[in-house]
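Let the sequences and hints guide you as you build the complete structure.
Chains as they are written, first to last, in our numbering: chain A, 1 to 525; chain B, 1 to 519.
Don't read these hints as lab results, they were simulated from the structure.
It is possible that part of the hints are untrue.
Here are some of the chain A residues that sit facing chain B, going by a computed Cβ distance under 7 Å [unchecked claim]:
1. Pro9
2. Leu182
3. Asp194
Don't be surprised by glycine CBs; every beta carbon is placed ideally from N, CA and C.
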Amino acid sequence: MTFKSLLFPCDAKAEIRNQANAEQPNFFTDLNLDQIVQSVTAGKEQYNLNPFFFHGPVDLRTILYRQQVFRDLENENLIKQVKLFAEKMRQIREQLAGLDKIYYKYQKERLFLDVVENYCSAVVQLFNDFANTSIESEGLNGFTEYLKNYINSDGFISLSEEIQEITAALAIIRYSILIDELKVRVTKFTGEPDYTQEVEKTFAKFKQGEVKNYSLKLPQGNNLNSVEAQVLEGVAQLYPAYFARLDCFFTNNVNFMDDLVVVFDREVQFYISVSDHFKKFQKIGLKFCYPGISTSKSDVFSAEGFDLALANNLLSEDKQVVTNDFNLCGNERIIVITGPNQGGKTTFARTFGQLHFLAGIGCPVPGREARLFLCDRLFTHFERQEDIKNLRGKLLDELVRVHDIIQLATPNSVVIINEVFSSTTLQDQVFLSKKIMEKITGLDLFCVWVTFIDELTSYSEKNVSMVSTVTPENPALRTFKILRQPANGLAYALSVAEKHHLTYSSLKERLALKETISKETTLKS
Amino acid sequence: MNVFLLFKAKNFNLNQELLWNEQFLTQDLELKILFESMALNDNFLAEVVRKVILSNESCDRETILYRQEILNDCLKNPDVVRKIFEYASDALLQEKNNYWGFLRNSPHSVLFRSVEVLEMFVEMLEKLKKLTDQQSANFTSKGFSRFFNMLKTELSDEYFEEIKKHLTALKFRRGVLISARLGKGNKGINYTLRKIPAEKLTWWRYFMRLLKKVFRAKDQGGIVNDSEGNILSYTFFISSRDEGGIRSLGELKDEGINLLANSLAQADDHIHAFFSSLRIELAFYLGCLNLYRTLASLNEPVVFPALVSSQKSAMHFRDLYDICLALTTQKTVIGNDCNVTGKKLIIITGANQGGKSTFLRSIGLAHLMLRCGMFVPASSFKANLYDSIITHFRREEDAGMKSGKLDEELERMDQVVENLGANAMILFNESFGTTNEREGAEIARQIVSALLEYGVTVYYVTHLYEFARIFYKDNRNNSLFLQAGRQMDGMRTFKITEGAPLQTSYGYDLYREVFAEES
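Pasting the structure below:
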């Protein structure tokens, strides 16, 4: 099977490979995956990497295919070689774009020759580099094999040879220009002696010592002025065969770049941009790992994972990133997270979603170790702004959206829910939430639900309760650690109130004191 | 092509260092008068003679003899030498008049100016060659012989032909031929100027050209093929209204002639250096010629000094006179004789205004002139060659009142010692005489003793009888005692002769003269 893509194994179907117009999935903004992709692809707009990120999750074989390539690219040398090639290709594209602005035919064609030469040598260099580096992945090995065949193909060999021959032929050319007033005559060079040397010889006998240098630095551009261009035209007439060959070369090789080489050049940036982005966090001690992919739901966990988008922001502010773990074994399906506000609950939920998505497109994930489920789709339900165009009220809107999710979700989907039904009474909230919980439990899919409704945490044996924690000494201080614990909603609130002397007993005491003081003052007056 | 008329194997550097005590020498020996006499109002001559005479670089015996021979030739052929000098000066002046101005900004203008200057230089060189060819038989010195020979061999007739051919070709009347190769993007590189092959002007070609002119056939652009249809040449024209094109054409030309323009400008500089050297070195001899003429008109003798080869101090001269005195008074002055070998200390005492300072100066001047290869003011002169000549003369009271006179003298003495070498001659004129005689004598005695032990030759004009007496008593073998002469009636003879130091200097005579009293 011949190599077709660095992102998909060679037996993948063509339609799946060529999804060039994938759009950003709905759940991207909720999970802040759009920020992540933006950070990763910053500076690489010319490669248009977004579709690669939008198209997922992919199948297991593809995931493993990609993980192999990521592993190979951990080799510093290999990445250097690839980056070198990428830079050369970038320059080649730049030079080609510049050619459009060149006015004179033979100048343009000669420069074109140089560009193609650069391309050929870059490709050969890449092959030599790859052939001499130890490569394990199916993808890169396949590409190396492809390169070998390409370089040794008749087309490529004759291209290189043609370039050599034309360059050599043009290099031999020596012509003479006779400038007489306004007349310019171009002829072949016929061996006249170097006149400057002759004159120098004549006057050499007067040489006494070192004297000033009167030669002037003449401005050198790369462009031909009008006279030079006409002279070139003349040279072309004097050596019609060589220049005809140059002309032919130009016309015949407009599309000289091999399609798969171009594909490789683009696709490899997917790996490089992710890898480079992750290195930023590895530098400050955060870990990444290749997740195990499970097709059954019996065992899913992550150790020391974190929200990649949040980490990016914290990194630029020099703040610390807190990692969290989760694990779901046996029947466990639904994580219900409760606890104090701003404790990192939503972040945790997002992390769960990000990890599954990134694993699903074959990338390494944040964390020391992970085993994740290969879902077929991700769904999110986060609070939305009231939309005036949307003639439904907020509650109705939410219910419709949740309904859509339930309709489309399968037992292999992953659903992330964040604080729903807030625009109604508590009683209604509890009622509606329980109903949705019933549906989700019925689907047996993985879910993370952030809420303040404690009862949901113990709805069934499929539910797992996790709580965002605070430091015991200072309840106002969040640890951002989410731990597996029973919900303890009120207990928390009470302790905060106690701290501010606002529990019932404390409050009574304080108010009593106030009364005594006011009585005494009235007595005095 | 080197001048080498002051040194056998190198050029004279006009910007060299002068002797450390050149100011003192100039003041004490009245050198300004000498320089003016040599220069005769020519500033350039004045500068050169001053630099040569006061040069810090000592000449060895060989160089002195070399210069004496050349000077002798000059004395025998003054007009020829003056003419050569004139040619050199003219060449440089004409070059200066060919103003650079704004023209330095393109190879084309550099080339144009260089060719003009070169043409002028070549003309001058031809004149020079013609003159020297005619006159070289009359010159016998090694220096001039070498110089003329060099001109003969280097500036042969064939060489001038060669240059003239170049000068014509450099007008590029038939255009500029440049060869090139193709570089990046087929832009021309390695622009090299080529020689347009000489066209044999056959009668046929001449006829065709004439026809073209008559019928005003316009030169068309286009392609010229050979018999097999291969293209031989491709011609096109730039329209005279195409400013950009004309500019581009100029740039292309500039590429070709850049190096050539540089070579020519440098060749100009080299020839300039040649003429400049010639002018400088001849200036010195011209100065000597002027001096010779003046002295001859005063009937004063001059002679080329001989150098004593022994290490011992020797001085043999007849009719040595103070040249500056002669030049100032414009009269013949009294000369002195001397015949002394092996004496390192010469003390001169005697009547005031007796000619002692004059005598001292005449010795100093003679040695200065000897050491740079000139003739000396005497009818015969033979001495050894000193490395340095130092004067320590009495000065005016310090106007700045910074130091007392003794203080000032001692400071100057200190400077002398700092710069002293072993083979030196020091001329003391009434030094340390400003304090009381005892102290002055003691100071002088100590200083002179030390100097003598170091090997310096000392001339001392003094009124310090005590000082003179000590040396007269103890050091007779090494010293010579001279006296300024006085006749019985008090008239001075201005002759310096041998004589023991006397206690009086006959101030009485002068008093009588001034106050006109009976003795």
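Unmet hints by their number, sorted upward, for this structure: 1
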